[in-house]
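Colleague: Read off the chains here:
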Amino acid sequence: MTEIPLIRLADVSKVYPLESGDFTALNHISLDIMEGEFVALMGPSGSGKSTMMNQIGILDVPTTGELYIAGKNVARMTKLERTHMRRDTIGYIFQKFYLIPLLTAYENVEYPLILKYKKRDTTGKADAILNSVGIDRVMSAHRPTQLSGGQQQRVAIARALVNDPKILLCDEPTGNLDRKTGYQIMEILVGLYEKGKTVILVTHDPKIAEYAKRTITLEDGRIVES
Amino acid sequence: MRDIFFDLSVRSVRLNFLRSMLASIGIVIGVVAISSMGMLGTNMQLQVKDQLSTGADTLVITNDAVRFGPPGSTIDSSSTSTGITKTQLLKIKQSAGTGNTIIPIYRSSTEFTLGSVNGRGTVYGLAPNDVTSFLTLSNGTNLDGMNDALVGSTIASNFNVKIGSRIHIGKANGSETRPVVRVVGIIEERGTSSDNVNTDNAIVVSRDWYTDHYGGEDQYTQVNVIVKDIDTISEVKTAIDAKVNKDPDSPVIRIQDASSRLSSITSTLSTMTTFILAIGAISLLVAATSIFNVMMMSVNERVQEIGILLSIGTEQGEVRRMFLYEALILGILGGCIGGICSLVIGYSVVGAMIGSTAYFFLPESIIYIPAGMIIGIVVCIISGLYPAWRASNMDPIDALRSE
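As you go down the protein sequences, you meet chains A and B in turn.
FYI, in the numbering used here the residues of the first sequence are 610 to 835.
FYI, in the numbering used here the residues of the second sequence are 10 to 412.
Incorrect hints may have been included.
Stated by the list, open to error - Far from chain A, some chain B residues (derived; all Cβ distances over 10 Å):
| no. | residue |
| --- | --- |
| 1 | 21 |
| 2 | 98 |
| 3 | 104 |
| 4 | 128 |
| 5 | 136 |
| 6 | 191 |
| 7 | 314 |
| 8 | 380 |
To be verified - With beta-carbon atoms standing in for the labels, derived distance ranges:
| no. | chain 1 | residue 1 | chain 2 | residue 2 | range |
| --- | --- | --- | --- | --- | --- |
| 9 | A | 752 | B | 298 | 27 to 37 Å |
| 10 | A | 644 | B | 379 | 21 to 31 Å |
| 11 | A | 746 | B | 310 | 23 to 33 Å |
| 12 | B | 390 | A | 800 | 11 to 21 Å |
| 13 | A | 800 | B | 12 | 32 to 42 Å |
| 14 | B | 379 | A | 631 | 54 to 64 Å |
Derived by calculation from the structure, the hints in this document are not laboratory data.
A virtual CB, placed ideally from N, CA and C, is assigned to each residue, including glycine.
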């Protein structure tokens, strides 16, 4: 029996209408990513990496072609269904961490649980996840601005993981960190991959890309190597 | 446990405390304006109503209707006199129906002397049994003997009148040939009464004494009809009008309905209250603009945060709720401070403008404080609607990219 891919892009194009003419960010991309893969997306600036991440993260929809996440055609989902899929199935890790500045580290991790279960976390899950990425209780009471870059990224990973998503989308997760901290973060991501998460990583750094088991290279909106 | 969106809103307000407080001051001013103006208007209405409510169940009949008749109307023989005639009184009694009290009243203004002090006031001529039907004595007894008199509260206090005091009626002329009455009772204060019997600065004597000294027997200055059931006052008025004023183009008597006069005055005051409330509402409109501005600033400053919230799975409704909570907090802050200020300022304004705060804490007056607070809060929420909608409809990718 053929295994259904967790992510399928079928002839996906994304065109942005500009005053100077249409700009094709993704040009007829077809790609399958199976559950449990560790994929690195590489390519120069403007190659379409971020656009592809936005499509897979269903923050955006393709202009043409079809995108399937966990077997569901994204184009046929309502806005609310897409929101729920972002909440439950996808975990985001951003280069700039993007933690909510008004919340403490703990509350940032608890936040997706509240979105999902509509109540405060009483199970201790947020604490446990923070602990697993090396953030203790004292640190978790701090606001993001009171934490170092490495600590913020750890909190961001904990937030991405807390709802146990199938897909982890990491957009340059080490881009704002020093080399040593960057490798520590990559070790965490490898650990998650080994536990069965599907990890998709966007990076410029070939050394970081080496952590992935599959590398896809984009150029001018097309896949040139997979 | 509190809603995390409420927590986010509280923290946002705290983070921009000064700006939020300044926006709330607009609401405070609006709430104070609406509450104070509303209370002032209501207190005025209540005071006037109270002053005029004595005699609200009374029809006041005078014969001066001809003066208000249509142009060209002629004065018939029965109404050329200065008062209500015996025949007219009989017709009034016949048409007023049973159970209602008919009180013929003589009235004249006079000078008088009490001890060595001269004064001026009104003299009423009443039948002793009519006195008790609409006047209340604060001291003494009712008229009994021919020379007995009752005095109103103003005369009693100004001239230090006691039971047994003697009053010379008429202009002082050096000799003491003027008629004398003996005070047997003091009438309770009535204020400005809508039954046109203002006894505070008056002396009430018996009808016989009055006609003996002033003449004009059976020429009553006015006749009051006190109806037993106030709901029938219009019917009684119509019946008397039909019986006595047979020709509507040439009415011989004028019937004044105290309740309609009262409602006309209160309606005027109510219009005035609405007008001053509208002026108060303008300040709330200004406050609404200020809240809208602060909310838009809050949205614009938090674009990236909104992008984060939306990208990690926050529903649009939840983002909207967060900003509406913020507007609600500003409204509650402004409303509560405004409510407290309204209590103090409203009390002072009512005291200064009306001279009495007797009605201030009555429900119909004090209700303006919670009403003003609620209006202030609602205005805040309405002002927050568009900013909240705008935040929830942002494109998460664009929002995340913003710096």
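Colleague: Indicate, hint by hint, whether the structure satisfies it.
Modeller: Okay, the hints, checked on the actual structure:
| no. | hint | in the structure |
| --- | --- | --- |
| 1 | 21 | violated (6 Å) |
| 2 | 98 | holds (81 Å) |
| 3 | 104 | holds (75 Å) |
| 4 | 128 | holds (78 Å) |
| 5 | 136 | holds (81 Å) |
| 6 | 191 | holds (86 Å) |
| 7 | 314 | violated (6 Å) |
| 8 | 380 | holds (34 Å) |
| 9 | A:752 - B:298: 27 to 37 Å | holds (33 Å) |
| 10 | A:644 - B:379: 21 to 31 Å | violated (59 Å) |
| 11 | A:746 - B:310: 23 to 33 Å | holds (31 Å) |
| 12 | B:390 - A:800: 11 to 21 Å | violated (48 Å) |
| 13 | A:800 - B:12: 32 to 42 Å | holds (34 Å) |
| 14 | B:379 - A:631: 54 to 64 Å | holds (59 Å) |
Violated hints, in rising order: 1, 7, 10, 12; the structure is consistent with all others.
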